[in-house]
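Number of protein chains: 6
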Amino acid sequence: MFLTRKAEFSASHVCANPALSAEENFAIYGANANPHGHGHNYVVEVTLEGEPDPVTGMVFDLRELKEIINAEVIDPMDHRFLNREVPPFDTVIPTTENIAREIWKRLAARVSSQNARLKNVRLYETADLYVDCGEISETPCN
Amino acid sequence: MFLTRKAEFSASHVCANPALSAEENFAIYGANANPHGHGHNYVVEVTLEGEPDPVTGMVFDLRELKEIINAEVIDPMDHRFLNREVPPFDTVIPTTENIAREIWKRLAARVSSQNARLKNVRLYETADLYVDCGEISETPCN
Amino acid sequence: MFLTRKAEFSASHVCANPALSAEENFAIYGANANPHGHGHNYVVEVTLEGEPDPVTGMVFDLRELKEIINAEVIDPMDHRFLNREVPPFDTVIPTTENIAREIWKRLAARVSSQNARLKNVRLYETADLYVDCGEISETPCN
Amino acid sequence: MFLTRKAEFSASHVCANPALSAEENFAIYGANANPHGHGHNYVVEVTLEGEPDPVTGMVFDLRELKEIINAEVIDPMDHRFLNREVPPFDTVIPTTENIAREIWKRLAARVSSQNARLKNVRLYETADLYVDCGEISETPCN
Amino acid sequence: MFLTRKAEFSASHVCANPALSAEENFAIYGANANPHGHGHNYVVEVTLEGEPDPVTGMVFDLRELKEIINAEVIDPMDHRFLNREVPPFDTVIPTTENIAREIWKRLAARVSSQNARLKNVRLYETADLYVDCGEISETPCN
Amino acid sequence: MFLTRKAEFSASHVCANPALSAEENFAIYGANANPHGHGHNYVVEVTLEGEPDPVTGMVFDLRELKEIINAEVIDPMDHRFLNREVPPFDTVIPTTENIAREIWKRLAARVSSQNARLKNVRLYETADLYVDCGEISETPCN
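Protein chains in written order, with my numbering: chain G, 1 to 142; chain B, 1001 to 1142; chain R, 2001 to 2142; chain D, 3001 to 3142; chain W, 4001 to 4142; chain C, 5001 to 5142.
Next comes chain G alone, as it looks inside the complex (with noise of 0.2 Å):
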């Protein structure tokens, strides 16, 4: 059984990689290049796997799962320009990919217990775009 819990964060960022020419990330990126940087109203949905406890009927503690995901993922990317203020992505390029990934490398094992363990990671940064990052894919995340 799979439990989802969504979230969501305003950030900005700049998609160019710096080994790379103004002009070079710019055909890459188009806009998204602009060094000064342009935001999104990230919406995630974090996806526990695992089978209800008998005595509780629940796969996660919901409270605790919230505030996982406001110590890790909100209140440090919350109204911040990720590439300034959020390693890695100091030198990590922040595509909607490489932020999902790092929210999965940042809950796995916070999320892990006796019943449930994280399972998906999906990041809208539109409501016409967004990744999966996951098991499900055949190179895990983590």
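All the given hints hold, so there is nothing to weed out.
Straight line, CA to CA, 25 Å or less: simulated SDA-like cross-link-like pairs of lysine to any residue:
| no. | chain 1 | residue 1 | chain 2 | residue 2 |
| --- | --- | --- | --- | --- |
| 1 | R | 2006 | R | 2068 |
| 2 | D | 3006 | D | 3105 |
| 3 | C | 5066 | W | 4045 |
| 4 | D | 3119 | D | 3054 |
| 5 | C | 5066 | G | 126 |
| 6 | D | 3066 | C | 5068 |
Calculated directly from the structure, the hints in this document are not laboratory data.
Position chains B, R, D, W and C against the provided structure of chain G, taking the given hints into account.
Quick look at chains B, R, D, W and C alone, frame taken from chain G:
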């Protein structure tokens, strides 16, 4: 191929294990343990797996699917206090996980046909919290 | 200029007039008259009218607005059975109309400032049904 | 890792098998068999599977993906009567299942790259009804 | 106070003035002038204005409102080609504006009661485009 | 009658008054005062008021409206850091209120026609927070 139909019902519930004290239940379920109950607009997504019939081009008759969901889920659960009026929630704690399991049990045999079988039940308690119950999980719900 | 903030709470209610018989209440309210109660994820949109402060560029302090909505509406109503736990719904039938009116009464004085005043309260019972209570109506709600 | 992009088109269709009588078609498809046609705002979600390129941090070039979806799906299907103007729907009944299959066929080769390949096509006919066509299904759509 | 109920229907239409040439119609309506028609999932929001009845706490009987909307709008327009099957769209161009006006005309007298009257009809053609027809407009729709 | 078209842009901003100290700005704007900026997917709804043209049945040419919104709002603001790249936000604090006002100023003359004029600009900063700027407000935005 998967075919998914969405439906909605409004119900109230209490999450508390009668074998535990009020304090223990509040520690586990927080405000969800309020014995007066509280409610949600539950949204259920029922997914069938199958291949389109060569004659009709359809995995399952859409009106029949709607009628089955109404007869097994919406009619008995809508506008009800689950713990008091909808077995087995008199003895099974109506967490989102357990309600999804019950919906799976009610639908699995009914939607089984030559072309299709139940693949997944997704149940939203709120827009930010949902569970998936399906054979895709390691321990099937049926 | 209008400024609107949205919030959500989950509650249960019964719509029935105690002065009427069970049959009469069922004739008026249908399944909403079920005495065990049923529930909704209510969504409230609180709209203030005012002009942006010349220094801050804001109609109202957004964090203060969120705190007022939490203190007056979300905290007392979330995860509650309105008829039994939230006055005046022990004596006032908690139809969507009457809940919106009560929210207006709780907020109007609190959000009144030099720059702003309460303009409208919109309350969604489900995604398909909502009411607006505001001075825009011929009979103001306060 | 999965990358999903959403797009929308407005089209009309008739669901009827020309080998059957009008009565038989109405029995199978209901109002969908109305020969004048009726329409929907179809929403398509195209999912690629792949690993981010080590240089760009991206699974697929987002602008190229948008252009491919526009060229293969949106431009030929938007504002069209599918049965009369968009082959193969002159001979294939445009159920949601069959439209999803056709979208899969049009996209699979085009989005195949060193890093990525088509994983799933989800097609919403309405907000309450959608199909998934992908290799995740037992019988692939290609 | 306002009470709003939402409903949905799927229809197809052509936007073209028969007094104009095909070229002129294409210049005005673009792809909407395609004579084969195309379709939408129209969403209609019907808003009544009134004060809650002192006995029931309701502006209008919700089931009756649903029945009126179904009888006057959903049943005759759902799964129809408006220009060919739903008068007056054989002679009135079914732009979103004109469909909203027609819905106003069909509902205004039916929802008029001691407590309530029709205030506004909002019609979404897509999620990104809608019209409002109501007395709030300078030229009422009735 | 009102006609509304929705559009979206992704931008970043800082809310801080340069005449105030960092501490004062943080006290007023909280995390919004972070000088590195943060971002949002802004959604703008542009509403025109007018009567349908008797020949076309339309309040305003929909493609022209889209082009005006793109030219005046989306193209100059999308993927931009508003404070640094989009005047007047080098000197006007880009609160949601002030961005909505600026959009009003950019559109009012452009959408004025024989049949229509700008009625309202709604700007969502997030799904839970939006402002309306229009003549419906006591102090018009133009």
